[in-house]
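**Student:** Listed below, chain by chain, are the residues.
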Amino acid sequence: MSLTFFLRRLSFSFVALGGLMVLVFVLVRLTGSPVDLFLPLDANDAMRRALAVRLGLEDPIYVQFARWLADISRLDLGMSLWHSRPAADVVFQALPQTLLLGAVVLGLGSLAAIVVGALAAFRPYGAFDRIASAASLMGASIPDFWIGLMGILVFSVSLGWLPTSGYGSPSYWVLPVATLFFRPFGVLVQIVRGAMIAALNAPYIRTARAKGAANRRVIFIHALRNALLPMITVAGDLAVQLAGGVTVIETVFGWPGIGKLMIDAILQRDFAVLQAGILAVAVVIFAINIAIDFAYAAIDPRVRIDK
Amino acid sequence: MTKPSVLEIDNLQVSFRTSGGRVAALNGVSFAVGQNEVLAVLGESGSGKSVTAASVMGLIAQPPGSIDGGQIRFGGVNLLALDADDHRRMCGKRVSLIFQDALSALNPVYPVGWQIAEVFAIHGMADRASAVRHAVELMEAVGIPAAAERAGQYPHQFSGGMCQRIMIAMAIALKPELIIADEPTTALDVTIQAQIVELLKETHAQSGASIMLITHDLGLVAEMADRVVVMYAGRVVEDSDVYRFFAEPLHPYAMGLLASQPRIDRGAGALQPIPGAPPNPLALPSGCAFRPPCPRATLRCAEQTPALRKLASGRAVACHFADEQAL
Amino acid sequence: MTAGIRDVNAFDDLPPVRPAPTLAAMLARDPLAVGACLWLLVVATALLAGQTFLADDAVRINLVARNLAPFQFDANWLNWLGTDSLGRSLVARLSAGAGTALAIAFAAVGASLILGTGLGLVAGYFGGFAGNLILRIADMILGFPTLLLALVVLYIFGPNIFNLIVVLAVTRVPAYIRVTNAEVIEIRERLFVDAARALGAGHARIVFAHILPIVAPTLLTLASLNLAMVMLIEAGLSFLGLGIQPPSISWGLMVAQGRSHLAQAWWLTCMPGLAIMLTTMAFNLIANWYRIAGDPQQRWRLAGSEASK
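Residue numbers (my numbering), protein chains in the order written: chain R, -9 to 297; chain A, 2 to 328; chain D, 21 to 329.
The shape of chain R in the complex, shown without the other chains:
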């Protein structure tokens, strides 16, 4: 495995991460005093000044930046005004629920998409492909918050089978997972299908057939491994979107994850939590990117071997 390749990717991800944090730091100060972002709208002038002094906002900007960096390196992201606890604690408590939900959704979506996409690609524009393509297109077009509410309406309100919101036993998982499933599934089916059609038309597939390989072998051994490459890229993008994008669904289902936490932080003007949340999501994305690089190298020797 090429070390320089990974170091380059790693350092780039670090730069991206740092860039993002600097961007937040600058944007916050660009729009006026951050005090406005921290405090409720009805705060009076005395409160503003007191907070400004306490946050060190009277110091020159480079001093603030240095202190901010030092704080981050100690994982000190300030106190949550709403929870009266360190913001980092609040975020770490919420993170696992989001990651679990995202992993379950993406895992199920990928598996289903590989099976459906591969079968659809085998007879392009055949009956199965037309149905699968229409279904995946629909899946990619559904507003998730809406289908979530419709799910609540049918399965919780009307039928009373599932809880409307909250976190706990498996029955709490059904609606959020089902709701979030549509888009990754829909997007990935299209990708797997397209990549499989391309792979099945590649010269090496003719070689495999000429060798006498059966359909199953041609599809799952020769074509699929090549088709997984674009799928992994897109699944990575989806993972990134899920890491922050479950926000809406967590709000709909009262899921105690980081997305709901951040939306609440926005509505409560709890800036420390918001900032800690952004950092946490950025770190998760950083980890996802490294995982994708490893997956890519494991599948494609052209990435793995330096020439």
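In short, the hints are calculated from the structure, not lab data. It should be emphasised that the depicted structure is a prediction, and the values quoted were computed from it without experimental measurement. Backbone N, C-alpha and C fix where the C-beta goes; we use that ideal spot for every residue, glycine too. Misleading hints may appear alongside valid ones.
[What the hints assert, rightly or not] Straight line, CA to CA, 20 Å or less: simulated SDA-like cross-link-like pairs of lysine to any residue:
#1 A:K176 x A:Q36
#2 A:K94 x R:I195
#3 A:K94 x A:L81
#4 A:K94 x R:N205
#5 A:K94 x R:R207
#6 A:K176 x A:S131
#7 A:K202 x A:T192
#8 A:K94 x A:I61
#9 A:K311 x A:D242
#10 A:K94 x R:R206
#11 A:K311 x A:S6
#12 A:K176 x A:E138
#13 A:K94 x A:S208
#14 A:K94 x A:E9
#15 A:K94 x R:A204
[To be verified] Restraint-style ranges between C-beta atoms, simulated for each label pair:
#16 D:V54 x R:V167: 32 to 40 Å
#17 D:A215 x A:G315: 48 to 56 Å
#18 R:F210 x D:F126: 40 to 48 Å
#19 D:P233 x R:N205: 38 to 46 Å
Following the hints, complete the assembly by docking chains A and D onto the known chain R.
**Tutor:** What follows is chains A and D alone, placed relative to chain R:
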């Protein structure tokens, strides 16, 4: 000429769907490959020579392709009447295929040794360990140095010539009766071409397999083939042994081909290109497809498609006027 | 397959070459794409109505007609899709929402298309430091969840329609940069560009006359997909309260407003969501159709039935 045939293609018709309509790629192709024979199938791109090879190997995608008629008899069995699984089991084992662009014909994500060993695995011919051992032996046989180490490497780590050697190793793995080589040297440098031709000749001499050599390269035909089948616009227009073909081509198209090639024994300025462009498969002329550029075309050529007729000499030609000149 | 026409005058008995099917003919062969176009026509009609004679009905409160269920066709046609808790016509409100949805989607996608294509052309054609910088920034934006980025930016700068369009455009720009860059790098190396250069064509001429026409179909497909995506994100942001603010009307906001009446008046949530879904699906379907129509190898699938056997 009395040798029994390995492969007999009889009146094969294949067409493809395009946005411009249905295009006939093969309009009744017939020829045979004899045992231990090297048969060259000669033609320009679009003449149907690769489609013929793909039909034998069951590689015509349907749709857009469709096999509309005819027979392909291999070892006395009509391949087109077999079900897909039985057809597949012959491929790689009794008849194998070498492609033009070997680098893209090898799967980029598997080691080359694995890809050769796979031939044994597919046909249940060896267990895993001996398949790998056979693969290394085959790589040595086709002249790949340090075969044991290189077997674990991937196609992108090999040159085009080395990839073609690996393709050949794969093709001879199960000692097939027939090897179809589809433009095996076209994608290679001239010096590498010579090496691959040499390897193919050795393979032929050692294994005794018949070779169906698909090419547009007259030099390659002269070097390797025993017999030539010339295709034009999805038909066989001439079928002849290689010596008499070069000495005295029968069909006007074959004559044109030879006249358009540079030759040592003719002076400069003797090159004669065939006038016009290759025929449009969507709009073939009535009668003989070669009629438009043919210097000897008459009204009869427009009214009547010339059939492939066997001549007394054992050669065959599809031209109304070929007899007079052959005798 | 080599296709060419010989000297036709000399051989006038040759059958004519069938022309490639027109776009309209290929559209007619794909019922889903036809459906998508019809739906977009409906949305466009609603949009016009919503901006003109339905504008007042969208905000007219009628307490007598509160929470009327949909599909009661004997009543006033404005109430055929039901009314909300203040008795406002859902037909009128959905029409008003169509304007918001399409205006934001087209503005954001148009801006990102132009900006992203331009930057991608620069990055791909000239490369160098500037090109690299453009690509790295694109990577950085793409590497972060769109919705979260939009949330934070709208939190800091305040939720209004202009900021919404800007943030949606910025998050979509990288896709165009990447696609344009990748295609330009490939095309730049092709022979006809060399030929053009050898004939003395300047940079502008090579880019606009030779490269852009080849990249355009891909970019238009991407734009159609992005219209769908941007609509979904806008709806999500408005649903969360960080997009369109009341009293303005947006489909996403309507879903949020209907949420508290979910058990009593399902149509308040269902109808606007359906409108979002059908419209995004229409853009996706058209992109899908165009991808086939634009691909010479796949086009036969959309050719007339007389071409089949």
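**Student:** Now, for every hint given, state plainly whether the structure supports it.
**Tutor:** For each hint, the structure was consulted:
{"no.": "1", "hint": "A:K176 x A:Q36", "in the structure": "14 Å, holds"}
{"no.": "2", "hint": "A:K94 x R:I195", "in the structure": "17 Å, holds"}
{"no.": "3", "hint": "A:K94 x A:L81", "in the structure": "17 Å, holds"}
{"no.": "4", "hint": "A:K94 x R:N205", "in the structure": "17 Å, holds"}
{"no.": "5", "hint": "A:K94 x R:R207", "in the structure": "16 Å, holds"}
{"no.": "6", "hint": "A:K176 x A:S131", "in the structure": "16 Å, holds"}
{"no.": "7", "hint": "A:K202 x A:T192", "in the structure": "16 Å, holds"}
{"no.": "8", "hint": "A:K94 x A:I61", "in the structure": "19 Å, holds"}
{"no.": "9", "hint": "A:K311 x A:D242", "in the structure": "13 Å, holds"}
{"no.": "10", "hint": "A:K94 x R:R206", "in the structure": "19 Å, holds"}
{"no.": "11", "hint": "A:K311 x A:S6", "in the structure": "17 Å, holds"}
{"no.": "12", "hint": "A:K176 x A:E138", "in the structure": "14 Å, holds"}
{"no.": "13", "hint": "A:K94 x A:S208", "in the structure": "14 Å, holds"}
{"no.": "14", "hint": "A:K94 x A:E9", "in the structure": "18 Å, holds"}
{"no.": "15", "hint": "A:K94 x R:A204", "in the structure": "13 Å, holds"}
{"no.": "16", "hint": "D:V54 x R:V167: 32 to 40 Å", "in the structure": "35 Å, holds"}
{"no.": "17", "hint": "D:A215 x A:G315: 48 to 56 Å", "in the structure": "50 Å, holds"}
{"no.": "18", "hint": "R:F210 x D:F126: 40 to 48 Å", "in the structure": "43 Å, holds"}
{"no.": "19", "hint": "D:P233 x R:N205: 38 to 46 Å", "in the structure": "40 Å, holds"}
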